[in-house]
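Enquirer: Each chain is listed here by its residues.
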Amino acid sequence: MNDVSSSPATPAQGGAYRLDLPRFLAVLLGGALFGFGLAASTMIQPQVVLSFLRWQDFGLVLVMGGGVVLTALAYALLPRWRQAPLLGGNFERHASAWNRDTVIGSALFGIGWGLCGVCPGPAIAGLGAGSWDLLWALAGIFAGAWWQGRQASTN
Amino acid sequence: MGTLAAMMQWFPTGWAHYLVGGVFIGLGVAWLFLATGRVGGMSSVFSSTWSFVSQRSAFQQPRYLNSRAWRLVYALGLILGAAVWWLFFSPRQPMHTGLPVWQLLLGGLLVGYGARRGNGCTSGHGICGMGSFQLPSVGAVLVFMATAFATAQLVAAWLPAGVAR
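Protein sequences appear in the order of chains A and B. Residue numbering for the first sequence follows this note's numbering, beginning at 1366 and increasing consecutively. Residue numbering for the second sequence follows this note's numbering, beginning at 2 and increasing consecutively.
Treat the hints with caution; some may be incorrect.
[Said to hold, decoys possible] Covered stretches of chain A (in silico footprint by chain B; criterion: 3 or more residues with CB under 8 Å from a CB of chain B, positions within the stretch not fixed):
| # | stretch |
| --- | --- |
| 1 | 1455–1463 |
| 2 | 1479–1493 |
[What the hints assert, rightly or not] Far from chain A by the CB rule (all over 12 Å, computed), these chain B residues:
| # | residue |
| --- | --- |
| 3 | Gly3 |
| 4 | Thr4 |
| 5 | Ala6 |
Read the hints as simulated data drawn from the structure, not as lab findings. The C-beta atom is built at its ideal place from N, Cα and C for all residues, glycine as well.
With these hints in hand, go ahead and build the complete structure from the sequences.
Expert: Given below as structure tokens:
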């Protein structure tokens, strides 16, 4: 898994993000913190998400609020404090766009989320807590991503 | 104290675990950014992983090819983190969604298609996009919240036996 390519770690300019051992471990830790948070907040349980969407329990607001505040602080402050990330390379900026695809895609995403209470992060993390039902949702998400890619390729 | 008691009705299962969970999610995204400089949304891994097996042009974009390795490791970390919670902080009972298979499959299909077409999900637009104050992400969140509320309320009204609780 490590050392995918020998090109420099500048994904914006092309070349894979070189995954040496320190980076492998750092990314794994980032994912683990995220997954622990999803599990601890019970977001890996679709029933909890659905009870939020039915306005019976507003816990998801606290989950998203806590996540957004910390993320906002990190994204705003870290590039001011440091020239580069701890393990080198560059701080990525991921600009989102507003267009027809954003609206249609987000609307369909919401319909699916409202139907099953599962979104991409919890679908993956739930497996760590032995929630095997989520494999169905995961299969659906993989199929949906393929469907979208297929459509985007032929256009 | 009256207002506080009234607010607690919004959180029938308690509020602290929600906030703790949200803080850990934020810590994960912040750590990934501090250590590697990457922006850690979750839905891209479903497209970037397809790039290993599909030669279609949409999957062979540099943004997927260049990030597919670390995104898979990130996903692996997600499973690991949830496993740590399950082993050490939960009653360690098997978890079931209580949802019928068709609902998980069809819901998942729309989630996967929609998140990729809209270029983000609850973490990509919700956490990372809003965390960097991007108006398109705020718009995306408003759109998917609206359709999710409507769908969940309609499903609860029409299929009360099909959903847990």
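Enquirer: Taking the hints in turn, state whether each one holds.
Expert: Outcome of the hint check:
1. 1455–1463: holds (count 9)
2. 1479–1493: holds (count 14)
3. Gly3: holds, 18 Å
4. Thr4: holds, 15 Å
5. Ala6: holds, 15 Å
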